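**Student:** Now for the letters of each chain:
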Amino acid sequence: MEYFLSEEQKIIKKLAKRISDEYVSKVAIKYDKEGIFPRDILNLLAYTELTGVYIPKEYGGFGGGVMEMCLVVEELSRNCAGVAVSYAATALGAYPIILYGNEEQKKKYLPKIAKGELIAAFALTEADAGSDVSSIKTVAEKKGDYYILNGSKHWITNGGEADIYVVFAVTDKSKGPRGISAFIVEKGYEGFYCGKKEDKMGIRSSSTTELIFEDCKVPRENLLGREGTGFIVAMKTFDRTRPGVAAMAVGIAQGAYEHAVRYAKERFQFGQPLSSFQAIQHMLADMYINIEAARSLLYSTCRMIDSGIKDFSKESSACKVFASDVAMKVTTDAVQIMGGNGYVKDYPVEKMMRDAKVTQIFEGANQIQRNIIASEIIKEY
Amino acid sequence: MKILVCIKQVINSDKIEYNAQTKTIKRSAQHLINNPADLSALEFALKIKDAYNDAYITTLSMGPDECKNKIKELIEVGCDSCVLLTDKRLVGSDAYSTAYALAKSIEKLGDFDLILCGESSLDGETSIVPPQIAEYLNIPHIASASDIKVLDTQRIEVERKLENQLFRFEVKLPALISVKKDSAYLRLPKLSLMLKALCYTPQIVNLADLENFDFSKVGIEGSKTLVNRFIEQSFDNNKCEIYENIDDSQIECIANIVMRLI
Ligand SMILES: Cc1cc2nc3c(=O)[nH]c(=O)nc-3n(C[C@H](O)[C@H](O)[C@H](O)COP(=O)(O)OP(=O)(O)OC[C@H]3O[C@@H](n4cnc5c(N)ncnc54)[C@H](O)[C@@H]3O)c2cc1C
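In order, the protein sequence lines correspond to chains A and B.
Quick note on numbering: UniProt numbering labels position 82 of the first sequence as 82, and the sequence is numbered without any gaps.
Quick note on numbering: UniProt numbering labels position 246 of the second sequence as 246, and the sequence is numbered without any gaps.
Treat the hints as calculated values from the structure; they're not laboratory data.
Careful: at least some of the hints might be erroneous.
What the hints assert, rightly or not - Straight line, CA to CA, 30 Å or less: simulated DSS-like cross-link-like pairs of lysine-lysine:
1) A:13 to A:345
2) A:10 to B:2
3) A:13 to B:2
4) A:265 to A:30
5) B:161 to A:112
6) A:137 to A:175
7) B:47 to A:13
8) A:10 to B:190
9) B:180 to B:161
10) A:217 to A:108
11) B:2 to B:47
12) A:26 to B:2
13) A:106 to B:190
14) A:379 to A:175
15) B:196 to A:14
16) B:190 to B:68
17) A:107 to B:196
18) A:13 to B:15
19) B:180 to A:10
20) B:190 to A:17
21) A:10 to A:107
22) B:149 to A:265
23) B:196 to A:57
24) B:15 to A:115
25) B:49 to A:17
26) A:115 to B:190
27) B:68 to A:14
28) A:30 to B:190
29) A:329 to A:13
30) A:26 to B:180
31) A:112 to A:17
Predicted model only: the values in this text are computed from it and were never measured.
Put together the whole structure using the sequences plus the hints.
**Tutor:** Okay, here's the thing in structure tokens:
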């Protein structure tokens with residue numbers, strides 16, 4: 001399919017593809033098995049300047065948007081979604097600053113994120129606040145020039161590895177979602193610790209940890225936006241980063257599909273290649289149709305967001321839901337086509353099937369996305 | 001420091017096809033690559049540029065117009081300017097003629113402190129061109145370098161690794177060094193440089209631009225070597241024997257032999 005990317009976008013995709021095929025593919029299985037954080041790959045992305053594609057030019061980035069970020073995530077995911085999510089989580093931590101940071105905050109953090117000198121993270125979820133994010137319990141109390149944070153966060157991507165964390169905490173209990181505020185917390189602040197590392201089903205090279213705040217002192221100037229706007233900061237960020245999850249899903253699906261097609265042509269049974277059986281051919285055809293449909297929806301959504309249109313929650317949710325469901329189906333079918341070889345760790349598709357699952361869960365489970373879409377379409381008509 | 005790197009565009013060795021009649025290699029733009037040993041040389045130049053901000057890297061290639069696209073890739077990794085010497089009269093030039101044409105171009109392009117070449121090209125494998133350029137230019141030359149270190153603006157240190165020996169030379173500049181393939185690996189491109197390359201066109205030089213050029217020294221006529229015969233080697237008929245049901249000790253024995261040989 002021809003997607004009419006701009007010359008610049010084609011270059012970004014080509015460069016990301018090269019890093020993915022020449023470097024990520026070589027470490028994907030090892031890093032998955034041993035849970036190694038892909039700092040070496042992030043360094044390559046920094047060297048090649050892909051860490052700055054979505055950062056505005058005035059802060060040292062390339063000046064692209066969600067589309068450019070997604071092209072990198074998609075290509076990395078073709079070989080390892082764990083690597084891709086380690087890259088994408090920095091975008092998740094950077095977008096609140098791009099959208100709501102003041103001039104000092106932008107100047108302080110964005111150029112370093114663009115250069116790949118800072119890794120970022122986004123800390124919203126808690127043990128008792130997953131889908132129901134507005135019920136978070138971490139508190140931030142203003143004391144002189146500081147906010148004092150107490151509480152803990154769960155499931156934080158890049159936990160322990162990131163240099164800065166956008167952390168959401170309650171500043172006014174009486175106001176519900178309007179009492180939540182966002183803060184930039186730097187690694188090394190007094191009272192800020194990294195807790196248990198999760199032993200995950202997939203994306204095992206990415207680091208997912210607990211974060212603990214015990215009378216953590218955060219300077220007042222690190223409040224992001226105004227007090228009480230934290231919930232909006234989170235939701236507007238997600239609107240821009242859900243396509244990143246969709247890109248991850250499209251990339252995983254594309255990778256699994258490529259392995260399945262090649263395998264089906266090489267593997268002989270009953271004296272002929274698997275690809276000569278209609279049952280297999282139809283599975284491959286359905287993979288192709290679904291991947292192109294998911295990618296089309298993803299790229300259209302990215303273009304819509306980057307054009308400056310104001311409301312796109314529904315579209316952003318739709319591409320995340322559709323692409324992640326496609327990734328789950330395609331990777332499951334790829335394992336099926338490869339039979340026993342699909343089910344063992346010598347081949348990459350079993351990893352892809354494990355990796356695909358998380359795209360249906362994080363940044364808002366697919367059920368929650370469908371809630372968002374439904375409430376918008378019901379409002380519209 | 002002004003550095004010149006000679007980089008040839010060659011046919012990817014997996015894709016080589018011969019024309020049996022003319023006894024030449026069929027060239028097709030799609031299968032062109034930058035010669036791997038030359039890219040090792042380029043990496044050394046880029047490392048010098050990393051360390052010395054004032055280093056300026058020019059590349060020089062000789063070949064048909066189709067080479068332009070491959071030359072753009074040199075801008076993507078950090079070369080400052082690229083030159084393509086192209087002229088119908090150069091077609092069929094052997095190593096001797098090529099070295100002459102390159103040396104005359106280098107003279108025209110200016111004074112370089114350091115000239116780097118790959119040790120040999122994938123398609124020719126003669127290793128003659130670099131020393132011959134140095135002879136024409138009347139500057140010192142060291143072949144098959146495995147490492148290069150800049151000592152100061154006047155001197156460099158060159159390392160050459162042989163099987164059981166290591167040579168270290170100190171050379172006064174200007175000098176020409178040819179670099180062993182795989183002695184360095186070319187770095188990845190950068191996004192901003194790829195954008196620069198997008199609208200970059202290499203500087204084109206024709207023979208008419210060169211001073212006091214002796215046309216009788218180039219082309220098929222001017223070449224000293226003549227290809228007598230091409231013998232195509234086919235690996236298809238190599239016999240392969242398959243042994244089934246061999247036991248572990250036999251596998252171990254074979255593995256040991258292979259390990260000793262590689
Ligand atoms: C690997 C990984 C990385 C993550 N990274 C981050 C991160 O960097 N930062 C961060 O803040 N969070 C992160 N998360 C958290 C993630 O966003 C949450 O896991 C997700 O929002 C779901 O929350 P939960 O796990 O608490 O599930 P729950 O909210 O308990 O939901 C469980 C199930 O119930 C369903 N459900 C819940 N409510 C409804 C409803 N109203 N209607 C219908 N169905 C419903 C859900 O769809 C889900 O399938 C990460 C999670 C994982 C697994």
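**Student:** Does each hint fit the structure? Answer for all of them.
**Tutor:** So, going through the hints one by one against the coordinates:
For the proposed pair residue 13 (chain A) and residue 345 (chain A), the alpha carbon gap of about 28 Å is at most 30 Å, so the pair holds. Of the supplied pair hints, the one linking residue 10 (chain A) and residue 2 (chain B) is violated, its CA atoms being roughly 33 Å apart against a limit of 30 Å. At roughly 34 Å between alpha-carbon atoms, residue 13 (chain A) and residue 2 (chain B) are farther apart than 30 Å, so this suggested pair is violated. Distance hint between residue 265 (chain A) and residue 30 (chain A) is fulfilled; the C-alpha atoms sit about 27 Å from each other, no more than 30 Å.
With a C-alpha separation of about 41 Å, the suggested pairing of residue 161 (chain B) with residue 112 (chain A) is violated against the 30 Å cut-off. Simply put, residue 137 (chain A) and residue 175 (chain A) have alpha-carbon atoms about 13 Å apart, close enough for the 30 Å limit, and the pair holds. Taking the CA atoms of residue 47 (chain B) and residue 13 (chain A), the gap is near 27 Å; set against the 30 Å cutoff, the hint holds. Our distance criterion of 30 Å between C-alpha atoms is met by residue 10 (chain A) and residue 190 (chain B), whose separation comes to about 14 Å.
As the CA atoms of residue 180 (chain B) and residue 161 (chain B) are separated by approximately 9 Å, the hinted pair is consistent with the 30 Å bound. In summary, the hint linking residue 217 (chain A) to residue 108 (chain A) is supported, as the alpha carbons are separated by about 19 Å, within the 30 Å threshold. With a C-alpha separation of about 13 Å, the suggested pairing of residue 2 (chain B) with residue 47 (chain B) holds against the 30 Å cut-off. With a C-alpha separation of about 37 Å, the suggested pair residue 26 (chain A) and residue 2 (chain B) falls outside the 30 Å cut-off, and the hint is violated.
With a C-alpha separation of about 24 Å, the suggested pairing of residue 106 (chain A) with residue 190 (chain B) holds against the 30 Å cut-off. At roughly 25 Å between alpha-carbon atoms, residue 379 (chain A) and residue 175 (chain A) fall within 30 Å of each other, so this suggested pair holds. For a cut-off of 30 Å, the pair hint linking residue 196 (chain B) to residue 14 (chain A) stands: about 15 Å separates their Cα positions. With a C-alpha separation of about 19 Å, the suggested pair residue 190 (chain B) and residue 68 (chain B) falls inside the 30 Å cut-off, and the hint holds.
Distance restraint check for residue 107 (chain A) and residue 196 (chain B): the Cα-Cα separation of roughly 26 Å lies within the 30 Å cut-off, and the hinted pair is therefore satisfied. With a C-alpha separation of about 26 Å, the suggested pairing of residue 13 (chain A) with residue 15 (chain B) holds against the 30 Å cut-off. A threshold of 30 Å between alpha carbons decides the hint, and for residue 180 (chain B) with residue 10 (chain A) the separation of about 34 Å lies outside it, so the pair is violated. The hinted pair formed by residue 190 (chain B) and residue 17 (chain A) meets the criterion: a straight-line CA distance of about 14 Å does not exceed 30 Å.
Between residue 10 (chain A) and residue 107 (chain A) the CA atoms are separated by roughly 29 Å; this keeps the pair inside 30 Å, and the hint holds. For the proposed pair residue 149 (chain B) and residue 265 (chain A), the alpha carbon gap of about 50 Å is over 30 Å, so the pair is violated. At roughly 16 Å between alpha-carbon atoms, residue 196 (chain B) and residue 57 (chain A) fall within 30 Å of each other, so this suggested pair holds. For the proposed pair residue 15 (chain B) and residue 115 (chain A), the alpha carbon gap of about 39 Å is over 30 Å, so the pair is violated.
Proposed proximity of residue 49 (chain B) and residue 17 (chain A) is supported: the alpha carbons are some 27 Å apart, at most 30 Å. Proximity of residue 115 (chain A) to residue 190 (chain B) is assessed by CA-CA distance (about 12 Å); at most 30 Å being required, the pair is judged to hold. A distance of roughly 19 Å separates the Cα atoms of residue 68 (chain B) and residue 14 (chain A); the hinted pair therefore holds under the 30 Å criterion. For the proposed pair residue 30 (chain A) and residue 190 (chain B), the alpha carbon gap of about 27 Å is at most 30 Å, so the pair holds.
Taking the CA atoms of residue 329 (chain A) and residue 13 (chain A), the gap is about 25 Å. The hint holds against a cut of 30 Å. Under the criterion of a C-alpha separation no larger than 30 Å, the hint pairing residue 26 (chain A) with residue 180 (chain B) is consistent with the structure, at around 26 Å. For the given pair, residue 112 (chain A) sits about 24 Å from residue 17 (chain A) by alpha-carbon distance, which is consistent with the 30 Å threshold.
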